[in-house]
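Protein chains: 2
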Amino acid sequence: MFKHGEAADHGHWGPPFLLYLGGAADDLAIKTARGLAYWRPEWCIGQYRDPECRPTLGLPDMEPAQASAAGANTMVIGTASAGGVMARQTVADIITALNANLNVISGLHEKLRDNADIVAAATRNGRTLFDAREYAQRIPVGSGRKRAGQRLLTIGTDCSVGKMYTTLAIERCMRKRGLKADFRATGQTGIFIAGAGIPVDAVIADFISGAAELISPAREDDGWDLIEGQGSLFHPSYAGVSLGLLHGSQPDALVLCHELTRQHMRGLPGYPLPGLASCLEANLIAARLTNPAVKAVGIALNTSNVSERAAHAACREIAERLDLPCEDPVTMGVESIVDNLLSCCAH
Amino acid sequence: MFKHGEAADHGHWGPPFLLYLGGAADDLAIKTARGLAYWRPEWCIGQYRDPECRPTLGLPDMEPAQASAAGANTMVIGTASAGGVMARQTVADIITALNANLNVISGLHEKLRDNADIVAAATRNGRTLFDAREYAQRIPVGSGRKRAGQRLLTIGTDCSVGKMYTTLAIERCMRKRGLKADFRATGQTGIFIAGAGIPVDAVIADFISGAAELISPAREDDGWDLIEGQGSLFHPSYAGVSLGLLHGSQPDALVLCHELTRQHMRGLPGYPLPGLASCLEANLIAARLTNPAVKAVGIALNTSNVSERAAHAACREIAERLDLPCEDPVTMGVESIVDNLLSCCAH
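Chains A and B, in that order, are what the protein sequence lines are.
Numbered according to this note's numbering, the first sequence terminates at residue 353, and the numbering increases by one at each position without gaps.
Numbered according to this note's numbering, the second sequence terminates at residue 353, and the numbering increases by one at each position without gaps.
Bound-form chain A, shown alone (with noise of 0.2 angstroms):
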C-alpha cells in the first residue's frame, strides 16, 4: 500500500486526494486545496462542493462515493472558515466521505477527532483522520548542535507571500538538476504536499526550535533539506515562531520571500513592512547565532498582483539592489536562485 503520511493513531492517509471546499465563500478560503491542486495535480482527481459554491479549482466534481469508486484514498478538508471552525454541513459531509471509505484529513483549528460524530463515523468505517495542526509525538527542546547536511530556508517580509511556494519551486527546480532536495513543511498545506512535517506555530513555544531541528535532521548523502518558513521576525504577532525555526534550522542559506504590492503587515494596518535590505540583515544576524556561514541567495518576489512588465522591472531593480537573483517563483522560476546557491554554498 502507498504510504503517504501518518496520523497520531499511525493510520495512513495519502493521495489520490478528493478536495472539499464545501461552501467556500471565496478564493482565499480555498487556499489549502489549492495549493495542494497547484503543487501535486497528479493526486487530486476531483473536487467536493455544495451546488452554491462559486470558487473551483477546475477539477471535476465528484461526491464522495464516485471519487471512492475513482480510486480516492482521502478527501481533504482544504478550506479555511472563520475561526477555523466546522460547520454543520461539514462535519455531514465528513461522515459521508468516511462511510465511502476515504479517509479525511484537516487543517482547521477544531480537529476532526474533537467531533464525536466523525470519530465514531472513522472508527465504524475503519478510516484515518489527520489533523494537520496538531503534533502529538514528543518534541525535545532544541540542542544548538550542528548537524550535518546543509540547508535553506525561506523568511518573509510577513505572513503569506509565498514562502511555501518558493520552497516548492526550489525542491522541483534543484530535483530537475538530479540534485538531492526535500522540502520539510511546516504548515498544514505543505503537510499535506510532503505526508509528514511539524506545524511548528501549533506547538508549545519552549519547542519551536526543537521541531525545527526535528523535521530537517542531519543527513549525510550531500542532499539538501529545504525548509518552509513561516511568519516573519517583523510580524509582531507571530515573531517569535520565526525566530525560532531560524535558530533551528541553522540554514546555509536564506530566501527572502515579499510580496510586491503588500501595504502593511498582514491583519495589522498600523505596521508597515520592513524593507528588503534590513529585512534580510536582521534575518542573517539572528541566523548567525547557530550557523555563522548563512548567506542569503535571492529574493523570491509574489509579483501576482502587478503585470508582467511591472514584474520584471521590479525583480531587475531588487536583484540590482540587493546583488542577488529575484525572481517570481511562480511565473519566472527559480532557476537563477539555484544557481547562486550552488555557487555560494554547496560543498
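Keep in mind that a hint or two might mislead.
One-sided and incomplete, this derived list gives chain B residues near chain A with beta-carbon spacing under 8 angstroms [unchecked claim]:
no., residue
1, V147
2, V209
3, I214
4, L249
5, G250
6, H253
Calculated cross-link-like contacts (lysine-lysine; reagent style DSBU-like; alpha-carbon spacing at most 35 angstroms) [to be verified]:
no., chain 1, residue 1, chain 2, residue 2
7, B, K152, A, K117
8, B, K182, B, K301
9, A, K186, A, K152
10, A, K152, B, K37
11, B, K37, B, K186
12, A, K117, A, K301
13, A, K117, A, K37
14, B, K301, B, K186
15, A, K152, B, K117
16, B, K152, B, K186
17, A, K301, A, K182
18, A, K186, A, K37
19, B, K301, A, K301
20, B, K117, A, K117
21, B, K182, B, K152
22, B, K37, B, K301
23, B, K182, B, K37
24, B, K152, A, K37
The hints are simulated quantities; they were obtained by calculation from the structure and are not laboratory data.
These figures come from a predicted structure and were not determined experimentally.
Using N, Cα and C, we set each Cβ at its ideal position, and we do this for glycine too.
Keeping the supplied structure of chain A fixed, place chain B upon it in accordance with the hints.
Frame of chain A, contents of chain B only:
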C-alpha cells in the same frame, strides 16, 4: 475568604503555604520553593520533606495535618525532579495533603490533574488542584496595538540569571516609594507569588505575544506593569519565547539581567554568552517594532558567585562602560535602576 489564585476549575488556592520539598537532592531542586520563601516569607508557614532530605529553607518541618491545623491553605509542589515527573512518594504525599484539607499547586511538567488518584482525592475532599505550567483559558493572537499604561520588561543574556528576582525587587522598591507597580508573572514560581500570570513558555507558539498582551493589559492609573522576562534572544533553544514576550510586552523600559560568572549559555557548552552591550542593542532593536520609544534603564547583575568586593567592582565597571546603573538586586537593591527608570520614562 482570601482570593489569591484561580485554578482552571475556578477553585481558589493561596497562602498560607506549606512548601513541599519531598526528597529533593540539592538546592537547585528546591528553586521554586526557595523563591516563594524568599519573596513571600510571611506566607510560608512550614516545609514538608522526607526524613533523609538535606536541603532546607529553614522553615519549621511539618506534616500536612500539622500545617492544616496551623492554618495552611495550600501545599506547593516546589521541587524540580528529573524530567518533571512525580515520584510515587510525591503522589502519596500529595494525597496525604489533600486528605488533610490542603489545596495543592504544582509547577511540574507532569500535571496533577493527569493523575487519577490525585484527582480522586481532590474531588473526595473538595480541594483545588492547580498546575502552573498549564494555561487553560483562550489566548488571543497578539494584536500589536499600542495600549495605555507603562511597562518594564526584564531581559537576559541567558536563562536563569535573575529576571524574576530583579522584577520583584523593582516592584518592592517602587511600592516602598508609594508608586503603583505590579509584578506580572510569566513562569511558575512567579505565578505562585503573584497568584496569577501565564506560563509563556507553555503556550502554543502562535500565541506568545498574545499571552504577553493578556498579562499586561491597558492600564490608566499611571502605574507600571513589571513583566517577568523569560529566556534570552541569544539562547538557541528558547529565543522565540523571548522575542514574542518582547513584542507583546511593548516595554517602555528594559532592564538587562546577567550572571557574572556564567561561562556559556545554560545547558549549551558550545555557546558563549553575548556581550552586555550587543545583547542590549539586539533587544532594543527588536523591541522598537512594537514600541519605538523603548529605553534601557539598567543592568541587574547576579553576583552570588563572587566576593562582595568583586561584585562592587564589576557593577562600577559595567555602569561606566554602558552608561547605565548596575546593581545586584539581591545584595545591593535596585534604587539606582528605579531612579533612572523614573527620570527616563515616567510621564
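Evaluated hints:
Below 8 angstroms, beta-carbon pairs count as interface contacts, and B:V147 has one with chain A at about 5 angstroms; its hint therefore holds. With 8 angstroms as the threshold, the beta carbon of B:V209 comes within range of chain A, its nearest partner Cβ sitting at about 5 angstroms, so the hint holds. Given the 8 angstroms rule on beta carbons, the hint for B:I214 holds: about 4 angstroms separates it from the nearest Cβ of chain A. For B:L249, the shortest C-beta to C-beta distance to chain A is roughly 5 angstroms, which falls under 8 angstroms, so the interface hint holds.
With a cut of 8 angstroms, the hint placing B:G250 at the interface with chain A holds, because the nearest CB-to-CB distance is about 3 angstroms. Look at B:H253: its Cβ gets to within about 5 angstroms of chain A, closer than 8 angstroms, so that hint holds up. This hinted pair checks out: B:K152 and A:K117 have alpha carbons roughly 33 angstroms apart, not beyond 35 angstroms. Distance hint between B:K182 and B:K301 is fulfilled; the C-alpha atoms sit about 23 angstroms from each other, no more than 35 angstroms.
Proposed proximity of A:K186 and A:K152 is supported: the alpha carbons are some 20 angstroms apart, at most 35 angstroms. Between A:K152 and B:K37, the direct Cα distance comes to roughly 31 angstroms. Compliance with the 35 angstroms bound is thereby established for this hinted pair. Only pairs whose Cα atoms come within 35 angstroms are accepted, and B:K37 paired with B:K186 is accepted, the gap being roughly 28 angstroms. Note on A:K117 and A:K301: the hinted pairing is violated, with a Cα-Cα distance of about 39 angstroms set against a maximum of 35 angstroms.
Of the supplied pair hints, the one linking A:K117 and A:K37 holds, its CA atoms being roughly 19 angstroms apart against a limit of 35 angstroms. Under the criterion of a C-alpha separation no larger than 35 angstroms, the hint pairing B:K301 with B:K186 is consistent with the structure, at around 20 angstroms. Simply put, A:K152 and B:K117 have alpha-carbon atoms about 33 angstroms apart, close enough for the 35 angstroms limit, and the pair holds. At roughly 20 angstroms between alpha-carbon atoms, B:K152 and B:K186 fall within 35 angstroms of each other, so this suggested pair holds.
Between the alpha carbons of A:K301 and A:K182 the distance comes to roughly 23 angstroms, so the proposed pair stays at or under 35 angstroms and holds. This hinted pair checks out: A:K186 and A:K37 have alpha carbons roughly 28 angstroms apart, not beyond 35 angstroms. Note on B:K301 and A:K301: the hinted pairing holds, with a Cα-Cα distance of about 32 angstroms set against a maximum of 35 angstroms. For the hint pairing B:K117 with A:K117, the CA-to-CA distance comes to about 23 angstroms; that is within 35 angstroms, so the pair holds.
Under the criterion of a C-alpha separation no larger than 35 angstroms, the hint pairing B:K182 with B:K152 is consistent with the structure, at around 29 angstroms. Restraint check for B:K37 and B:K301: satisfied, since their Cα atoms lie roughly 31 angstroms apart, inside the 35 angstroms limit. The straight-line distance between the Cα atoms of B:K182 and B:K37 is roughly 26 angstroms, inside the 35 angstroms bound, and the hint therefore holds. Under the criterion of a C-alpha separation no larger than 35 angstroms, the hint pairing B:K152 with A:K37 is consistent with the structure, at around 31 angstroms.
In summary, the structure is inconsistent with hint 12 from the numbered list given earlier, while agreeing with all the others.
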